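K.L.:
Please model the complete structure; the sequences and the hints are all you need to start from.
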Amino acid sequence: MGIGARMTVTPELLREVALTAEEYRRAVELLGREPNRLELGMIGALWSEHCGYKHSRPLLRRFPTSGPHVVQGPGENAGAVELGDGLVVVLKIESHNHPSAVEPFQGAATGVGGIVRDIFAMGARPIALVDSLRFGPLEEARQQYLFHGVVGGIGWYGNCLGIPTVAGDVFFMSEYRQNPLVNAMCVGIAQREALVRARASGVGNLVVLVGADTGRDGIHGATFASVEDPERSHRGVVQVGNPFLEKLLLEACLEVLGTGVVVAMQDLGAAGLTSASAEIAARGGTGIELEVTAVPRREAGMTPYEVMLSESQERMLLVVRPEGLERVLAIFHRWDLHAVVVGRVTDDGCLRVLEDGKTVAELPVQLLTDWCPTYVREAREADEIRARRSFDPRSLPDLEARDVGAVLEQLLRSPNIASRQPIYRTYDHTIMTNTVLAPGQGEAAVLRVKGHRFGIAVKTDCNPRYCLLDPRLGAQHAVAEATRNVSCVGAEPLAITDCLNFGNPERPEVYYQLVQAIEGMAEACEALGVPVVSGNVSLYNETEGRSIPPTPVVGVVGRLEDVHRRVGMGFAGEGVVFLLGPQRATLGASEYLAHRFGIVGGTPPALDLELERRVQVLVRDAIHRGIVLAAHDCSEGGLLVAVAESCIVGGIGGRFRIDPLLEANGRLDETVFGEAASRVLVQVPFGAEGTLLALAHAHGVPIYEFGRLGGERLVVDGLLDHPLGALAEAWRRGLRRM
Amino acid sequence: MKETGRWRAEVFVSLRPSVNDPQGLAVRDGLRRLGYDEVEDVRVGRYVQLWLRAADAETAERRVASMCEQLLANPVVEDYRFVIEPA
Amino acid sequence: MKETGRWRAEVFVSLRPSVNDPQGLAVRDGLRRLGYDEVEDVRVGRYVQLWLRAADAETAERRVASMCEQLLANPVVEDYRFVIEPA
Amino acid sequence: MRFGIVTFPGSNGDHDALMAVRMGLGQPAELVWHTETDLSSYDCLLIPGGFSYGDYLRAGAIARFAPVMEAVAREAEAGKPVLGICNGFQILTEAHLLPGALLRNASLEFVCDWVWVRVEQTRTPWTQRLVPGELLRLPIAHGEGRYYVDETTLKELERAGQIVFRYVTADGRVTADANPNGSIANIAGVCNGRGNVVGLMPHPERAFDRLVGGDDGLRILASVLDVGLTLARSRGVR
Ligand SMILES: Nc1ncnc2c1ncn2[C@@H]1O[C@H](COP(=O)(O)OP(=O)(O)O)[C@@H](O)[C@H]1O
Ligand SMILES: [Mg+2]
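Residue numbers (the working numbering), protein chains in the order written: chain A, 2 to 739; chain B, 897 to 983; chain C, 897 to 983; chain D, 93 to 330.
Bear in mind the hints are in silico, worked out from the structure with no lab data behind them.
Quantities reported herein were computed from a predicted structural model and do not represent experimental measurements.
Among the clues, some could well be false.
Said to hold, decoys possible - Which residues of chain D face chain C? A partial, calculated answer using Cβ under 10 Å: (1) 133; (2) 188; (3) 243; (4) 274.
To be verified - Across the chosen pairs, the derived CB separations fall in these ranges: (5) A:701 / C:929: 55 to 61 Å; (6) D:128 / A:507: 43 to 49 Å; (7) C:966 / A:335: 24 to 30 Å; (8) D:169 / C:962: 22 to 28 Å; (9) B:933 / D:128: 53 to 59 Å; (10) D:229 / A:454: 50 to 56 Å; (11) C:925 / D:130: 47 to 53 Å; (12) A:398 / C:929: 36 to 42 Å; (13) A:454 / C:962: 56 to 62 Å; (14) C:947 / A:350: 52 to 58 Å; (15) D:128 / C:962: 25 to 31 Å; (16) A:32 / D:127: 50 to 56 Å.
Don't be surprised by glycine CBs; every beta carbon is placed ideally from N, CA and C.
P.N.:
This is how it looks when you write it as structure tokens:
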């Protein structure tokens, strides 16, 4: 097949490469001729939503992306921020939703593989993994299958690589039934000057492909992630991961980077070789020429089309100076890896594909990347959502005092609240011997950096119920909660990586959610002073017109000045417990409403971003002064759930009073199980009460003395007197009984 | 139901030919390193033995086939085959 | 060496009867939960397919047997059995 | 005392072992590549955790045939202290340097947690500084840690004092609840007949610093230093 080979462009063909007729015309116009079959496939893959960010690109500009610590913002394989002592922390999150819906174990596993490659492509050593998961109701057999598969896959891949999985979040809601979400985040660390950019430069430099042989797996994966109904489409593209190979790749690539002869490095993800070479050339402002016959194959008889679009896992592309080639190949060889020269850097701005020296495709790199069409769609809120939001939880009868204990136990057992230990127990979180606060011990995970005083904190969050009912406010909450969790261990939030999971953006109701959520995230980031340095967008998470709730997952990395000062979430012996932040809460969008009444409705809690900022500063300040023994953010389930969790984890009971809060709220249910933003429970030792009160006053944060710790019962004066053991049992078994 | 017979089924589950089989690759390389250079390819799958009651061979066969479809093999990536004999 | 033939070996590795097989139990329980109450027992093992070159069936057999002994099965806990056919 | 830490393709506990020996014990340690055939310059050997060769087929099955393993066997034969941790334990059993086999956890799940183990045997170089019956708190992280031997061999091991560690409750009792993987007789670690080769599933090298959860693991690693003292003395004499 030569460049000029004619072909008939049928609607079926365009559908196969996921281009509209209009997009096809645009491609022809830009190219000045009709693309051939291979070129069409390449354009289709890179102009897919997944690679081209057609719907999100114009909106993403809204994010604040710079700041004093930012070393690398969005646009590279991952973002990077300064840590101090010449080190940077590198972070990125990515979705693997569609593959996980089809084959949960391998889908999730290869998701981890992909995000890890993004981190070491930057020249950073991956030091932690974080996972953010969403499923349908766990009572259903199919959801259990998905849940166990996904958790198993994440664990298998990360454990085998020897990268600890240290944090995450998980949420169950019926809207995720057909479209589970699997977002994986990776954090790495590097010397600032050792960071590599994925920019092909230097005409004549060699393009080296290393890692797995290329097979027929995953062809059209990028396209497949850009259409609805993952289960019905493209079953044949499932990829099987090989973490063992990835481990070799990781070690070898980091070693190769140390030689100084590598100009650029890029992982092969969606749209495989096509995307990796186009992106690396586009960033470098150069061209690339590839010889497909040089690509090692797993199967005989593969066409250039298949080779260029295969999404086989565990492969990396490097640009190497010719004089360094031998050294590079020798290192890969020592690691038992297959590395070959597949092309070279050119100066004509074209991605040229040769088969046995004959040109079979020739496309301007910019056509594939920068000239990808973008869309601004009609945005309209769904009436149904507006109706749901207008539900007034106060129309329900208030909770009876005598039911509080039983309801508390039920909530603690709820899959959205129960202990996540059954998940993180299957993840190796102690390897690398840096985990100072392991999952379950703190609001965020804390890692030390050997040889340095500072530490790193990391967490993901997003309450999809809030986002469903009010995407803008919900997205603000996601930023606020994730950063608050990081502040609660004593770390200052440095940067955010986000994963925007939404339905079909061509529908006005979904596009509305996307626009609103991005706006909300941007506002919160600005108010809290945290830039977005990397992220990922996953659209078309819907089946038969039923979309997932908007789910803008926020991953935060923070820095602790002194890692020894970190604070956990479990109450540590005797002391006094204070509630910082608002004293009024709402049942709108709460776990209580959903769990007890099956209602997802009402208005989510209001969020005063300025107060949020002050609360976080106060918590960090108090921790820094060394007066905080424990800090726990009040999120799903409200005040009583939060206090029970800290009692259970700390193994100590306490006596609390709520009368003044009850007065402020007017209703018992709102007081004990209502949710509110910007609230943190803080434990200080006896004698430090005055200092905390004064600090709160100075920071302008409402503070309330909630109670004192001691004993083995959870007592709320006049309301509740419950053995801690029973509550602990409910909380610990919640996920396990599934 | 008067289930009279006892049967033993052997189910062989293997990855589909086009699906990447890292385990097979590792075993192949391991064998070659041990000097078995004559080994060209290896695929690793599951071998499931089942003992069950069924009225006759036909019923047993039907049931095992549906167990394979539902649970024993993952049709997205795997093929299966089985044999049945009286136990 | 003039290795003329290409052979396919199927190796079936299973845990010795005296060794507990939690995976087998889990599969059995899973099947029963799906309504396959007739299932009495399940054992899960490994199914390895090998393609190799050998001068004749006998050589192939000898080589595969020694691969099993050395690598494919662990004699402390596992039994194996294999069949060979021209590929 | 010079520690040699053997690295296979897929090892991932090698670096932790290196850190534990260097930072925790303040002793020299080096990584030894799996192709190495001469280990005579090391005073003791660590086979670290990980997923050598992906742990495909069976954990440790393929690694056992790496060139370095012949050298390990030779040194073990000569009486040099060898410690296999997690995957290293699996490799040593596959290589028949230790009895038994490690099977998939009874729960069928990978398990990462902190456990208590009781010291059962102190006549090995890796436990000589410990007290019989002493409890250690150590991390585990494995999917195939269910120790198995047949009944006859078990009796033999008990009789010969080859059981080195058992999983126990925080107050030292051997119960089913304290057993994280279904190991026979709650066995967490064993040694060879001579006692110089020890294997265990828990990770002493991850427990060398209170900041990351505890330092009981150092007590195991430090035990071997007594051998070093003897060695140094004998060298000095020469
Ligand atoms: N999918 C997961 N993987 C690993 N750890 C998780 C996961 N989900 C939750 N965790 C951990 O469990 C603990 C509780 O999580 P979560 O309920 O999300 O906390 P919060 O409500 O404070 O945000 C945290 O330590 C968190 O990192
Ligand atoms: Mg929570």
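K.L.:
All hints are to be evaluated individually against the structure, with a verdict given for each.
P.N.:
Structure-based check of all given hints:
For residue 133 (chain D), the suggested interface contact is broken, since its CB lies about 30 Å from the closest CB of chain C, more than 10 Å. Annotation: residue 188 (chain D) was flagged as interfacial toward chain C, and the flag holds, the nearest CB pair being 9 Å apart, inside 10 Å. Among the interface hints, the one on residue 243 (chain D) holds; its C-beta lies about 9 Å from the nearest C-beta in chain C, closer than the 10 Å criterion. Contact between residue 274 (chain D) and chain C, as hinted, is supported at the beta carbon level, the nearest pair being about 7 Å apart and thus within 10 Å.
A hinted range of 55 to 61 Å holds for the C-beta pair residue 701 (chain A) and residue 929 (chain C), which are about 57 Å apart. Checking the proposed 43 to 49 Å range against residue 128 (chain D) and residue 507 (chain A) shows it is violated: the Cβ atoms sit about 60 Å from each other. With their beta carbons about 26 Å apart, residue 966 (chain C) and residue 335 (chain A) fall inside the hinted range of 24 to 30 Å. Range check, residue 169 (chain D) to residue 962 (chain C): about 24 Å between beta-carbon atoms, so the 22 to 28 Å window is met.
In this structure the hint that residue 933 (chain B) and residue 128 (chain D) lie 53 to 59 Å apart at CB is violated, the actual value being about 24 Å. The hint said 50 to 56 Å for the Cβ distance between residue 229 (chain D) and residue 454 (chain A), and at roughly 26 Å that hint is violated. At roughly 51 Å, the beta carbons of residue 925 (chain C) and residue 130 (chain D) sit within the given window of 47 to 53 Å. Under the hint 36 to 42 Å, the C-beta atoms of residue 398 (chain A) and residue 929 (chain C), about 39 Å apart, fit the expected range.
Between residue 454 (chain A) and residue 962 (chain C) the CB atoms are about 58 Å apart, so this pair conforms to the stated range of 56 to 62 Å. Range check, residue 947 (chain C) to residue 350 (chain A): about 46 Å between beta-carbon atoms, so the 52 to 58 Å window is missed. Checking the proposed 25 to 31 Å range against residue 128 (chain D) and residue 962 (chain C) shows it holds: the Cβ atoms sit about 27 Å from each other. For residue 32 (chain A) and residue 127 (chain D), the Cβ-Cβ distance of about 51 Å falls inside the hinted range of 50 to 56 Å, so the restraint holds.
Checked against the numbered hints above, the structure breaks hints 1, 6, 9, 10, 14 and satisfies the rest.
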